[in-house]
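Make the full structure from the sequences, and use the hints.
Taken in order, these protein sequences are the chains called A and B.
For the first sequence, position 108 matches number 108 in the working numbering, and the numbering has no gaps at all.
Count along the second sequence from 1, then add 1000; that gives the number in the working numbering.
These are computed hints drawn from the structure, not numbers from a lab.
Positions of the beta carbon are idealized from the N, C-alpha and C atoms, including for glycine.
Check each hint, because a few of them may be wrong.
Said to hold, decoys possible - Covered stretches of chain B, going by a simulated chain A footprint (3 or more residues, C-beta under 8 Å):
1. 1838-1845
2. 1849-1855
Stated by the list, open to error - Far from chain B, by Cβ distances over 12 Å, these chain A residues were calculated:
3. 24
4. 27
5. 34
6. 44
7. 56
8. 57
9. 64
10. 69
11. 71
12. 77
13. 108
14. 116
15. 118
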Amino acid sequence: MADQDESAKLWKVNRTIHELVKDRGFQVSDDEIHMDLATFRSHYANNAGSVDRGQLNFFTNHQNNPEEQIFIFFSDERSVGVKTMRKLLGILEEKSIQRGIIVFPGNMTPSARKVIVAMASQYKLEEFSESDLLVNITHHTLVPKHELLTPEQKKTLLEK
Amino acid sequence: MPPTIWKPKPLWTGKQIISTVMLNITPSNAHGLNLDAKAKVPGQLWGMGSSEDKVIFMDGELLCGVLDKSAFGATEYGLVHSVYELYGADVAGKLLGVLSRLFTKFLQHRGFTCRMDDLALTPEGNRRREQLIQQGINLGTEGAIENFPSLTTATEQDKPGALRSLLEDVLRDDQKMAGLDMTVKSKLAKLTKSIADAVMPHGLLRQFPDNHMQAMTQSGAKGSAVNAQQISCALGQQELEGRRVPVMVSGKTLPSFKPFETKAIAGGYVASRFLTGVKPQEFFFHCMAGREGLIDTAVKTSRSGYLQRCLIKHLEGIRVHYDNTVRGSDSSIYQFHYGGDGLDVTKQKHLYQFDFIAQNERSLVNKYRPGEIYGVVDPQQASDYMKKILKRKLKSKKLADPTLSLFNPSRYLGSTSEKFAEKVDEYAKALKAKEHSEPPIKRRRPTLAAKHFRQLMNVKYMRSLVDPGEAVGLLASQGVGEPSTQMTLNTFHFAGHGAANVTLGIPRLREIVMTASRKPKTPSMTMAISQGVSAEDIDAFCKKAGRLTLSQVVDKVTVKETLSVEGASRSKEFTIDLVFYPQAEYEVEYDVQPSEILSAFGTKFPLILKREIQNELKKLDQDMKTQMAEIGRGKAVRDQPGGAEDADEDGDKDTSKRKDKDDDDVSEIGDGDATSAKRERQAKEQATYEEDEDDEDAEDDIMKQYDDDEIEAAYASADEKDDTEKLRSVSESLAKQASAVEQLFMENFSYTTSFTFNDSGCTIALRFGSNMPKLLLVGIVEKTCLKTVIREIPGITDCFKSKDDKGGETVYRLTTNGSNIPGLWQFACSDADSLIDEKSIYSNDVYALLITYGVEAARAAILREVGGVFDVYKIDVDSRHLELIADYMTFDGGYKPFNRSGISTNPSPLLKASYETTASFLSDATLHGDFDDLTTPSGNIVVGRLNLTGTGVFDVVMPVEPAEKLQGLSVA
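Have a look at this one:
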């Protein structure tokens, strides 16, 4: 029961994070977003039903600028510490990716948060808890579509 | 105007008098008024098939209809409003003056009276009223029985006895009392309504046109249907603070009733009427309710006054600028266009009344003179663009920049809001269609061409824009502040059966607006159910989502105390027997398994029990100490013989009372409900308490924290253990689990000697040293049961469904008491297909929405919540006002309250100082070298300058000669 729950949860988290990455302007195929639970299970879940989070990691390119890449890292540990962060940074360095998102199931230690701030000049890192990604908040009826203004749009707006 | 009747002598009709008035006030350059409106009095009251309820003016002549409140009262789109719209303020004022004098004259000639037989019922009516009251004589008791589901199965003979014991139970619990009040009240409301319905128009001795009382209420002159009903039908249920009449400790509401009387009259239901008199008890209850009403008005004036002042102080600087933006006094933009469309609240009233506009096209053309603006504004560009984007909108969903943002609406004709443009388009198309299809009837005037209509509407939109300098902030705060004076102070509202109890009225308004409360008093969530979910599933979901405490499954608690001797040491042994309800019963009722109950016993129960016992012991100890101290002093402040127990209880009560007082607002101390004697006693008590209060509190806090931490830590570890247990084998027998729990239980509560558990109950044995003070363990265990939660979503107490009828199909919605959005996600979305539509989760807790969904959602929630408060009272507040308030509150991305902390973001020290805590704001400004640029109204008033709002926005600026030139002149 518990395992099934987990795969369902992770399936939702996976969907939301793909939507999120897409909203950020990176290339994400529709298959990945609309994957149904059965396919998700067959892909990522092992025989016992538990999901290996390491397999969920993925990276993708920006739609406009293929050189800009983003890496999404699913943490296995319940609480993310500096060690996990190092692991992520290692991967980022290895693949020379500038942006990263870390998704963790439990909570994040303050020192790990500090790493994000410390590395802000080199890497653009973001963190999300799995429980926050169960639901995509941008789909809520009260939330309008948010669009980032491009620099030109910003200029015209401020000139008005 | 020629008379309607010539013979035997010339006579004019009443409608002709009105027509004459209209003829005389219509300005020479305008045409007669055309108006289709509805009267307040229903047409059939004048006789079958009468069309007197349709007020029709044609070319300034009243052709049909009766003029009543909806024509010249405070009703939208009535006669006076229409005249104002067409001919302007002067003429409308004249019309009101003429009408006033005309009606006074009429009353002087004809007179008007209301007499007894306007109020009396026909014998048949009286008979039916009596009959209904007779039928309803047992409704009070029936309602009481209905309130207790357990009574439905009881036999007729058992019922009275069982009911009485249940009622005695209810008396001690305010919550249950409220529930009982609700059920009985809703039952009796039906009776009141049925009496009124049976009798009201047709059972009256005199029928409408001859019945002057009815003439007054129906036409809206004075009084309402309720007044008439109270006189001729029944007064109905008397309410105090939204409840029935309170019950005394004796179980009676008045000495003349039996204890636990269930009859409606004992609960304050008045079945008598004013016409024939009310019974003494009924009169007393009615006076109670009336008195409360008076107190309410006296109290609420200050509350709503302060609310309005807070709003005004925060919003006073906000005004419309020449570029149509709404800005604060420091030029920070709150809205790009006022209300999203840049329209003035008062001027836009008739903007969507297309029929009216089309009928009175010629007068309007005279008023607005579209010809004059040609050459001044750009007539084409904006309209073309609008056409383009409307077309595009039909094709694809992608949104283009709105017209208003590209073309300044005051300079480009046709730059209107998209909504308006769409509506105009639709109407114009209908006009065109009518033009072609209509049979060729000869008309005095050709119908309006669609093209002209469009043009006229665009001009009208332009003329309805807000004027630059309009102090819209002030308007918003007054627009909200004034209606709030009409709301009754303490109203509670129940939505459906046993449903959420929501704070309303001024308290709720204060909560949303003034304190921007992060923890609303009555949080609640609503969400829609996904399509195609069966009702049973929803019920199961509701059961699962609600909080279930141990006390809900425990039927009986018994404690046995024995003293045992083991060698030299004596020890007290307690055996606690918890008996559950039958397994089948609680499984059906709460959908809970014995194993779930058992797991609650693992950690939560023993730890809470431990804390309760510790608290109790400490209290006993404390009490002993104070008592000992008092013996020496011989003071009889609260000397109560009867041993530790009584004193303990007393002390308990006192502390809680004191805590309540402490919690209360400082401002509310002077409320006057405490008599001087009481205060004196409290002061004395204070002295005794003060000594050890500090260290006790500190100790308490530490203890509590420690305990909480402990429980949490223990619980977390238990969780892990549970998990591993579950992993090992799901089908593990209950007994095995029980033994595991026993281990855990003992670990967590060291006094335990044994613990056994089965489906129907559990037994716990405890052993204490003999020096333990006497403990009343039953109470403690009961309390512990109440606190031990078997299953919950934190923050949510219960959950129930409600039906919504939307266009024939029923949509189920879920409502919860308590709010916890992330918790609900966890709970509801962990399955593959979630039962609820997570996109529609809504909470009345604005702050929670802000945290989870962001500012835009919070802004929408403020709009909805404030709007909801006014909706309950059927008060119409323009959305522009609410939008401005919501925009102000969410301006800096947070949830800014309308109070002292909220105003600190304002840059003007003079404004802040004129609000509250003058000295502190002034000293802050001095310390930080703050300055005031005198752009706020407050700042300007302080120095005696003209405000920068309204007509004060502009200045006459003269070209000044350069200084050297002037000097040169003076030298020469």
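To see whether the hints hold, each was checked on the structure:
no.: 1; hint: 1838-1845; in the structure: holds (count 5)
no.: 2; hint: 1849-1855; in the structure: holds (count 4)
no.: 3; hint: 24; in the structure: holds (16 Å)
no.: 4; hint: 27; in the structure: holds (20 Å)
no.: 5; hint: 34; in the structure: holds (14 Å)
no.: 6; hint: 44; in the structure: holds (14 Å)
no.: 7; hint: 56; in the structure: holds (17 Å)
no.: 8; hint: 57; in the structure: holds (22 Å)
no.: 9; hint: 64; in the structure: holds (18 Å)
no.: 10; hint: 69; in the structure: holds (27 Å)
no.: 11; hint: 71; in the structure: holds (26 Å)
no.: 12; hint: 77; in the structure: holds (15 Å)
no.: 13; hint: 108; in the structure: holds (16 Å)
no.: 14; hint: 116; in the structure: holds (20 Å)
no.: 15; hint: 118; in the structure: holds (25 Å)
Against the hints set out earlier in the document, no violation occurs for any number.
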